[in-house]
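Those protein sequence lines, which keep their order, are chains A and B. Taking the working numbering, the leading residue of the first sequence gets 274, the next gets one more, and so forth. Taking the working numbering, the leading residue of the second sequence gets 19, the next gets one more, and so forth.
Keep in mind that the hints were calculated from the coordinates and are not lab data. Misleading hints may appear alongside valid ones.
BS3-like mimics (lysine-lysine), calculated; alpha carbons at most 30 angstroms apart, straight line [to be verified]:
| hint | chain 1 | residue 1 | chain 2 | residue 2 |
| --- | --- | --- | --- | --- |
| 1 | A | LYS310 | B | LYS293 |
| 2 | B | LYS158 | B | LYS293 |
| 3 | B | LYS46 | A | LYS310 |
| 4 | B | LYS429 | A | LYS394 |
| 5 | B | LYS398 | B | LYS445 |
| 6 | B | LYS429 | A | LYS310 |
| 7 | B | LYS559 | A | LYS394 |
| 8 | B | LYS320 | B | LYS343 |
| 9 | B | LYS398 | B | LYS429 |
| 10 | A | LYS310 | B | LYS64 |
Remember, predicted model here, so these are calculated numbers, not experimental data.
Below, each chain spelled out in residue letters.
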Amino acid sequence: MQQSTPAAQEWRPRIIAFFCNWCTYTAADLAGVSRLKYAPNTRIVRVMCSGRIDPQFILDAFVHGADGVLIGGCHPGDCHYTEGNYKTLRRHHLLRRMLMDMGIDERRLRLEWISASEGDKVRDVINGMVTELQTMGPLALNDNMTRFDAELESDLDTYLVTLSTKEVEHA
Amino acid sequence: MKQNGEIRIGIYICHCGSNIAGVIDIQKVRTYAETLPGVYIARDYKYMCSDPGQDLLRQDIADHGLNRIIVASCSPLLHEQTFRRAAESGGINPYFVQMVNIREHGTWVHTDGEYMTGKAMDMIRAAARRVFYHEALERKRVTVTPSVLVLGGGIAGIHAALTMANAGKQVYLVEREPSIGGHMAQFDKTFPTLDCAACILTPKMTAVRSHPNITLWTWAEVEKVEGFIGNYTVTIKRKPRYIREDLCVGCMECIEACVYKEGRFPDEFNLGLSKRKPIYIPFPQAVPPVPVVDAEHCIHLKTGRCKDICVEVCGERKAFDFDQKAEYLDIQVGAIVLATGFTTFDPANIQYYGYGKYQNVYTALELERLINASGPTGGKVVLPDGRMPQRVAIVHCVGSRNENYNRWCSKVCCMYSLKLAHLMQEKTNAEIFNFYIDMRAPGKGMEEFYNRVSSEGIHLVRGRIADVYPEILPTPDAPKDVVGRVVIQAEDTLIGRIRKIPVDMVILSTGLQPQDDADDVRRIFNISCSTGGFFLERHPKLAPVNTFTDGIFLAGACQGPKDIPDTVAQAGAAASEALSLIDAGFFELEPNTAYIQEDVCSGCKSCLPLCPYTAITYDVEKMKAAINEALCKGCGTCVASCPSGSIRQHLFEDDELLSEIRGLLEYA
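So here's chain A without its partners, still in its complex pose (with noise of 0.2 angstroms):
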């Protein structure tokens, strides 16, 4: 694994954001037009639609070691495309649920309505969430699933028997 951000700095939360582009990755052009100063752990990825989403992107940053996701896009009624933030919303619920079924903390994905005009509210977001990731402490997502592995691993022959039993008793 390269290295290329200082290590030898405490700890600090990895967060992706999603941002749509004309929203809120307008907004945090504005916030760089206006030299607002925000914590600098936000990696910043455009799509055009919060829509286009993947719900699978959001697992995936996780995956690879994000601590947070951030979503922003338009407020309601103001999406470019009509429409594409509700989509965003109601994924956003299902993909809560998933997530704590994961074991990972809801806190961790945030949906924002950011629009083009709100410089600040995207630093005072990215400056929160920042905080609050703090507080949580590293996903460690990837020793989650060590352990996981492991535990099935050691379960796996009790389990595959119960799984052979219940089906054979419905068949």
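With the hints as your guide, set chain B onto chain A.
Below, chain B without anything else, positioned relative to chain A:
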């Protein structure tokens, strides 16, 4: 890898002067970039967007056979097109370029240089992973309908419409009031030249009406907008005027004849300072010179029991049509210019100014009407009791530059306050006090105007008004129309004293704010608003008349407070942007549309209801979904939802995004 052959990436790190180089360690980032897989060359340059910067890129493509370009610089919203064009002229597909935003999302928002250097590396690494999956794409061309909608008939709309019509384009000018002219028609003189507003405006209004290329619809509103750049379908609602514009000759006999002998209803154009009849024209020079019937007050429309003398005098012309209903028209336009203007701050919101409480407290716009020769008093400035004011206070910054109301400077108030001070002195010879908090005289000829007016014996007091209260409380038996003087209380910050000055008249220089329904208009046209509610331009400096929606342009004070010269200049700019679009005859759209991989599509139809543009249909024969690329806007909502992953999106492929995400996270 989808691409045959070797991937040869060129990475370019822009210093942006000291904007980027002043924060991060460019050399370190460059050295790191060189080590990334697929990277053939990594360079840094002071200004990548400059000609030599772009030449560097082109030259490298030729010399080193680069087939992927990464530019780490500013926001793609600013310069993506620049570098795509450079790559294209260098001989490779423009969509092999990826931008990394290390300025707006980097050095401008983070102060920790060391950390930011690492973040820049992460972002560049992510891009280097992403470009492996880029594909050569082609832009879609859409034809542009050679006509334009201009919304709003103030000076901005008028100027934009005339400019485009003079260039031979079909223009639809839609105004919701019965006449065009906007706020400028209400003014008396214009600063700093003291031109008579009507004398410079009304010829342009007439030119609009008589222009063969302009279709003028007043008393009309935009109901709905559909389509996209080059191909907008706009539904216009023409409100019933109850008088047929094609038959009316503008003789105004019907207004004379109306059963109401005197005006009885507040005249909107004169801000309620005079009364009008239920049939009226807003002002004598109105364009079109066609009366409008106020359905709320017309006896015929209300009860049907009227002598209808108006219809009688119209006689053979038969211009009356009391059965008129709202009419809906669809027009096809290639571009839209929004010139919906502004409204003024309502000073009743700030109680201590006494507006609405004391009869001698006026807004500046009301004074414009009072001072105007065609206004309700024929240009005589008189108080409601008939007296001419002896002493007048003009209060600047009413509702402007105030955390609790409108934060912004309205730009024009200082100058129009000075203008009104000059005009008031000329007309009434009164003693004038201007209370200002800062005198702002930007623009050509403005400072000279300020010097001129300030040498005319007008008192300029620096201090915010704290209170306006009556000098003498009117006694119960005093005649009703007697107006007592009021006292202006303010701190004179230049002498450091509280001053209390009794005056006969107070003029409140109200600031400019967005129209009350700006938010609805914004929604209809799918554009954004900036803080405060004025329409948001694409870039404050480099695209001041464009919006984020292609083909929709902004003119005048709907974008922010502006004086007349600025408004006209911007209207001209908006017109020329619309013209350059229409004259080209076509527009190239980004190819980021969705497409179906038919061999994977199961035909489950779950994507069909997701598309807001009905671009997805179900092919019954193949039993698979089909996407019409011409209708697809490229939001990608269907792509994220397809259960089998058979819908994909150009430029935002799963592979591209996943490799970017993983690239970003790949640090220890």
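Evaluation of the provided hints:
Annotation: proposed proximity of A/LYS310 to B/LYS293 is violated, straight-line Cα distance about 56 angstroms (limit 30 angstroms). A threshold of 30 angstroms between alpha carbons decides the hint, and for B/LYS158 with B/LYS293 the separation of about 57 angstroms lies outside it, so the pair is violated. Our distance criterion of 30 angstroms between C-alpha atoms is met by B/LYS46 and A/LYS310, whose separation comes to about 23 angstroms. At most 30 angstroms may separate the alpha-carbon atoms for a hinted pair to count; B/LYS429 and A/LYS394 meet this at roughly 27 angstroms.
Proposed proximity of B/LYS398 and B/LYS445 is supported: the alpha carbons are some 8 angstroms apart, at most 30 angstroms. With a C-alpha separation of about 29 angstroms, the suggested pair B/LYS429 and A/LYS310 falls inside the 30 angstroms cut-off, and the hint holds. The hinted pair formed by B/LYS559 and A/LYS394 meets the criterion: a straight-line CA distance of about 22 angstroms does not exceed 30 angstroms. A hinted pair counts as satisfied when its Cα atoms are at most 30 angstroms apart, and B/LYS320 with B/LYS343 qualifies at roughly 15 angstroms.
Restraint check for B/LYS398 and B/LYS429: satisfied, since their Cα atoms lie roughly 28 angstroms apart, inside the 30 angstroms limit. The hinted pair formed by A/LYS310 and B/LYS64 meets the criterion: a straight-line CA distance of about 24 angstroms does not exceed 30 angstroms.
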